[in-house]
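*Asks:* These are the residues of each chain, in order.
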Amino acid sequence: MRLPPRPQERIDRSRELTFFFEGEPRHGFPGDTVGSALFASGRRVFSRSFKYHRPRGLLCCSGQCPNCLMQVDGVPNVRVCTMPLREGARVRGQNVLGSLDRDVMSVVDKIGGPFTPVGFYYRTMIRPRRAWPLYERFLRNVAGLGKIDRGAGRTRRFDTEHRRVEVLVIGGGRAGIEAARAAAARGEQVVLVDEGLGPGERAAGGSFEVIAPARALGIYEGGLVPVDAGQVLIRFRARRIVVATGAIEQPLVFPGNDLVGVMLPGAVRRLTDEWSLRPGSRAVVIGADERALSVVAELRSAGTEIARVVDLRAESPRRIAAEGKKGRLASVLVDGEGLDCDLLVMSGGRQPAYSLLAQAGARIEYDAGRGVFVPIELPASVEAVGAVAGELPSGATPAATYEGGGKARGKCFVCVCEDVTTKDVRRAIAEGFDSIELAKRYTTVTMGPCQGRLCQLPSVRLYARENGTDEAAIGRTTARPPWAPVSLGLLAGRGHEPARRTSIHERHVQLGARMMWTGAWRRVHSYGDPAGEVRAVHEAVGAIDVSTLGKILVSGPDAAAFLERLYPNRFGDLRPGRIRYSVLGTDAGRIMDDGTIARLDDDRFYVTTTSTGADVVSEWLEWWNAVWGMGVEVVNLTGALAAVNVAGPRARELLGRLTDLDVSNESFSYLDAKQAHVAGVPCLLLRIGFVGELGYELHCSSPYGEYLWSTLLERGADLGLRPFGLEAQRVLRLEKQHILVGQDTDSESNALEAGMPWVVKFDKDEFVGKWALEHVRERGLRERLVGFEMTGWTVPPEGGQIVVDGRPAGRVTSARWSGELRRAIGLAWVPAALAEEDAELAIRVDGRLEQARVRLRPFLDPDGERLRS
Amino acid sequence: MSFLIPCPNCGSRDVNEFAYGGEIAVRPEARPNVRELGSYLYFRRNVAGVQREWWFHRLGCEAWFQAERDTRTNEVLLTERPRASRDEAPPGPEAPALPDTPAV
Amino acid sequence: MSELEFLSTDRTRTGGGFEPVFRSPLADALAAAGPDVRDLSALGKVEVRGDVEGFDGLASAERIPLTPGRTLFLCAPEETARLREALADPSRTVVDVTGALAGLELRGERLLRRLTDLDLDGLPAVGAVARVTTIVLRTGEEFRLFFPQEYARSMAEVVLDAAAGL
Amino acid sequence: MKDVFRQRRMWRPRGELKRRYDVVIVGGGSHGLATAYYLAKNHGITDVAVLERSYIGSGAAGRNTTIIRSNYRTPEGVAFYGRSVELYERLAAELDFNLLFSQHGHLTLAHSDRALITMTERAEVNQLLGVDSRVVDRDGVAGLCPELNLSREVTWPIEGALYHRRGGIIRHDAVVWGLARGADRRGVEIHPGTEVTGIESSNGRVTGVRTTRGDIACDTVVSATAGWSTLVADLAGVPLPITTHILQAFVTEPLKPFLDVIIVSSQMHVYISQTDRGEILIGAEIEPYTTYLGTGTFGFLEDSARHTLELFPQLEHAAVLRQWTGLCDLSPDYSPILGVTEVGGFLVSCGWGTYGFKAAPIVGTTLAELVATGRTPELIAPFTLERFSTDSLVSELAAAAVSH
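Residue numbers (our numbering), protein chains in the order written: chain A, 1 to 869; chain B, 1001 to 1104; chain C, 2001 to 2166; chain D, 3001 to 3404.
None of these hints come from the bench; they were simulated from the model. Any given hint could turn out to be false.
[What the hints assert, rightly or not] A few chain C residues that face chain B, going by a derived Cβ cut-off under 10 Å, partial list only:
no.: 1; residue: L2066
no.: 2; residue: T2067
no.: 3; residue: G2069
no.: 4; residue: D2117
no.: 5; residue: D2119
no.: 6; residue: L2120
no.: 7; residue: G2127
no.: 8; residue: R2131
no.: 9; residue: V2132
no.: 10; residue: T2133
[As the list claims (entries may be wrong)] Capping the alpha-carbon separation at 35 Å, the derived lysine-lysine pairs in DSBU-like fashion look like this:
no.: 11; chain 1: A; residue 1: K110; chain 2: A; residue 2: K325
no.: 12; chain 1: D; residue 1: K3256; chain 2: A; residue 2: K423
no.: 13; chain 1: A; residue 1: K423; chain 2: D; residue 2: K3041
no.: 14; chain 1: A; residue 1: K325; chain 2: D; residue 2: K3256
no.: 15; chain 1: A; residue 1: K326; chain 2: A; residue 2: K110
no.: 16; chain 1: D; residue 1: K3041; chain 2: A; residue 2: K326
no.: 17; chain 1: A; residue 1: K674; chain 2: A; residue 2: K764
no.: 18; chain 1: A; residue 1: K110; chain 2: D; residue 2: K3256
no.: 19; chain 1: A; residue 1: K326; chain 2: A; residue 2: K147
no.: 20; chain 1: D; residue 1: K3041; chain 2: D; residue 2: K3018
no.: 21; chain 1: A; residue 1: K147; chain 2: D; residue 2: K3256
Note that beta-carbon positions come from the ideal geometry of N, C-alpha and C, so glycine has one too.
This is chain A alone, in the form it adopts within the complex:
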């Protein structure tokens, strides 16, 4: 099947590669593409078209058109004409019911054509509505091209690489290589990327780097040019970008222009020169420029007989039509003259491949003289050279559209991706879709896999003619990136998401903890027995890793004044060594976070935040600091410090074993902060009690977190110490009605309605959110966050609704079974009128209403005696 060796051929005949087409072995050579090897094996039909399932063969042979989309090694929609052949590759046809050669669905082409004009689906299958899902199922099944293997996982390795370069040249044709050489000669650092396989040879001798085959996907701002280099996505940041993407050969529009055997000149040249294949035995050549005519010699040298050459610059046939048998070209009619042939080389001129330039911000205008769209007014630092800049040989004639009329009945395609015919376009215009963008959406021309490469220009020409205007007035549709289809796998790269782990993480894993996510943190849900963990805290002592708490150091001479202005609670009078709780509010009075603040000394405060709030609170503090310009430094210490909360009636006993500090209640009281060595590790000790029992938070430098944790567990074992996780903590804090910001509050909650008026010091001159809270106080509370206990045994769902008169009137934000209380308890937002002790609530559980009673005080230890003990 191959011609004798030819001078420019790219195949290595010394070695044979075996691959499989539909399971059958086929052979090719290194240097072949899957497409050329299939062609060499005699295959002419490569795909079936989108709508009519017409047989389609090689058209452009350069990865532009949809005609050779196949399934290769399970990957759908592969352009096999540019896919290098690999040993053992498994190739299949797609979008067929049957086989590529006998596709049952091609019945649509025979009978469906007249019944399925453009947009027919908008007009049909409307009634009865019940039947639409059936129609739709059918429509969905006939649509689409390749198939996804539902069971597949990620198989290939993809990487992303970031590169900076002075000059990036896109396109390794003559103009691109010249530009690269020139830049390199000036001493600039140059990289050239090209889609093809061979620019390396062409560029030989140049002092610049060549990356090929590689495809520039777009020109994004800041000189970002992502390049698809196979398994690696290279993100180039270039100071200067030279676009040398050349021009795209355009098809002619005539009946039968999609038949197998109709090719663009580039395809013919590649088949003969690069792969030593004879594209056909007898050819007709019709062209509007020298491209088509110049392949005549190549065809002759390949042994193809030339039946007729029509130079559209010299003659103007009124009618051109191709006819075929079973979808394959059999003859061409030129003004009534029938010419038998199996190859028709057509060339409607070349359109500069301006998409990258348009995306970069260039203006694109129609050049009536050359009959193509050309880029003008390039953005700074982007250049165009060669054909893409409009440097095309003069004398090309804008190609006309030839319609069959008379006897030629074949379909006349404007767009092969979407099977849109001239008739469809005319109909769309007649229906009122007269703007090019509207028509694009209605007919879907330019929306297919070729992205308008082969259909933009012909469709604009047709519009101009049908609307009686010129191409410039019609304009073009927006060129949307990416310039070439790019796989999700390559875009995703390796796909790592940063995750935060505390310095004690590995110990938890060893203890068999069930881990969960809170924000980007991995935290312990439980060690397998949340109820037992709760009991340990109530009856002995428990330890929980709270390293994820936000920890922010606020220091400087204005630190006290700064916090005083930022938080609703008072901090100016807080004594060194003491701790106070506050929510943090916005100027709208809404709760954004909460935590404790310890005063370390006159001008240093240690601020804690929720685990997920650390970064935002630290940004928030920095923000106000930037605005107010006070003498304050804000340092986020969240990751710097590990923290363990030791809580339970025996917590003091345990701590006493580990430190020289006097831990008696008298000298280390509730809400005291002290620095001391614990187990030899310098710690900040905070006596606070989120979980409601006597407790200490020990904060120490992260690298010692694991040691401190292990030592606590070891030395506390005989006291009944158990590590506990978030689930136990949630139950414990709920028994105390301590809120979780973000769960018990939402984006609208304020401190007054959340039941914490004591935290808002209205007598302060000013604090962020004061105005809004004053207005809330004046208008009165609309809703309230309250505790409740269920009358029965059911634990209502978190998110469950408080129902009044059959309508949602409030919601459960937290609910748990308390083993200690032997009741289901929770927190809920209720209308202000219901926020009274013992008020009855109706909570929707599994569609029924269950009764609950409002409890305004902590369920357990309401006076905080355990905390202070």
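Based on the hints, put chains B, C and D in the right spot on chain A.
*Replies:* Quick look at chains B, C and D alone, frame taken from chain A:
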């Protein structure tokens, strides 16, 4: 497009490294009434043109700065470290609040 | 409580049955790493807020300006205390961030290119490495990364994976 | 069937603008056209001009990701969007134009127990208001979409989901064209290529608009201009509490049916559906900064691809065909701003954020009723512009401003 922002500390970086703090609003001097408070909290000029705004370099120096940007082109005309002033108040965190079903 | 001792990694005490163990956040994560990757987490790191223009208190410490008002100093672990003392000044906020930042040393520009879009000819700089805010330094083909210790395992995974792809 | 073959204009080419209309609608998108259509159909008000700067459906109406649903959080939102879904279900028959409405369901994934609480809350509110919506666990998710990666060895394991059976996708352009045809047939004039350059008022009432094609007198102006709302309202001297952001989306090359149900990940801010044409359509969250420049970013493609593959590793080889952006008009509480303003006769439909397209028919019916009767329908009363001056927001946001 993913434009670049010249951080006053780190130089030109991709916009994705920054947190947007919103256009600079004027914080009332004295206690506003409900209507004035609403105006300060919620109403924005939202200009198609040059806007002065807050940015935070999250994946960089972790500092706030101000920028003047043309919202029609995203061209950043200048950036500078904040000048402390009472009336250039941050109105509230603009970017982070999103509903739990995104965009759909 | 004049000094924030609890932030420092060099103020532990041994005795009374206690022998505090410094554990690098990268200890587990780098178990599988080759010799081209080194753990620098134990290096002394001190962040200073305020003016350090005229500071010349410790010649061996490396100075990395982050912003006009923020500077990071690096030193050998045993020198950290001296560095802190030398920097101490009422006009400055001095914070020992030794425990806050994990450190990694890597070889090869190509590997770095797969981790960050920072300009590798414009270092030191702070930027995103594997989507984590990281201080990146360069000496020839050697790169040092300092980043929040809680990301250590995540970072090590990405680095080792990227290295495997080369 | 005969209509299939008959070539009939969808809408008439209109000549010069008249000097006066009863109602001028600024914006030829889904809201503007729906308002015009229902003014004519429900109230017999046909002296209406729809002025569109570009071509109809050129803005958000033609750029959204076509998802229709009503499983909102607030009772106000649920009632409003619930009615919209009902109207959408009947719209094809009403317009005699197939809108290709595929109600294959909508799954909002929860990747944390905190997210499950919000899902539960929505399901409970939805059910109380008669909207079909429920929380499903991991097994339930597997049953509804077996293709999803339910492994725990991912960054964000799936813990459950909110399932909304009547959620679906619709052909957005068809909605625009169908409404335009319906309005045109009833006498409404649609004027593409007509930009409004001024809004005239006197004594606090609208008197007319200036356009690039001449001036028009009118008593009522309705602005339905999404991301451009601020600029149009500025012409009338009405400040708005909105900011303009871009929202991005992309499609892959067409594939055989792979996914029926719509998948939304709240954690990863990505949503995925498959169109009737076979393309996988993927969208993300708005860009956080305000902008009027509608060009797409590469970072969006990378992030969305990464998140998509975490959910559907099978799509590794699906190739992105094109990306695009639209402008969104974001309100502070993620609920819309609908109806009267301080300028008499100047009405707005804005503040939609990313939800506007879902509301087209209900916006059309309620705004038409407001124009015709002068009374604000109960369904949209909570969504007045006035709420931002009276501390009565309707918040679709769940998490606190900063924590989630």
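*Asks:* Determine for every hint whether it applies to the structure shown.
*Replies:* The hints, checked one at a time:
{"no.": "1", "hint": "L2066", "verdict": "6 Å, holds"}
{"no.": "2", "hint": "T2067", "verdict": "4 Å, holds"}
{"no.": "3", "hint": "G2069", "verdict": "8 Å, holds"}
{"no.": "4", "hint": "D2117", "verdict": "7 Å, holds"}
{"no.": "5", "hint": "D2119", "verdict": "8 Å, holds"}
{"no.": "6", "hint": "L2120", "verdict": "14 Å, violated"}
{"no.": "7", "hint": "G2127", "verdict": "6 Å, holds"}
{"no.": "8", "hint": "R2131", "verdict": "8 Å, holds"}
{"no.": "9", "hint": "V2132", "verdict": "8 Å, holds"}
{"no.": "10", "hint": "T2133", "verdict": "5 Å, holds"}
{"no.": "11", "hint": "K110/A / K325/A", "verdict": "13 Å, holds"}
{"no.": "12", "hint": "K3256/D / K423/A", "verdict": "27 Å, holds"}
{"no.": "13", "hint": "K423/A / K3041/D", "verdict": "34 Å, holds"}
{"no.": "14", "hint": "K325/A / K3256/D", "verdict": "29 Å, holds"}
{"no.": "15", "hint": "K326/A / K110/A", "verdict": "11 Å, holds"}
{"no.": "16", "hint": "K3041/D / K326/A", "verdict": "52 Å, violated"}
{"no.": "17", "hint": "K674/A / K764/A", "verdict": "28 Å, holds"}
{"no.": "18", "hint": "K110/A / K3256/D", "verdict": "23 Å, holds"}
{"no.": "19", "hint": "K326/A / K147/A", "verdict": "25 Å, holds"}
{"no.": "20", "hint": "K3041/D / K3018/D", "verdict": "21 Å, holds"}
{"no.": "21", "hint": "K147/A / K3256/D", "verdict": "5 Å, holds"}
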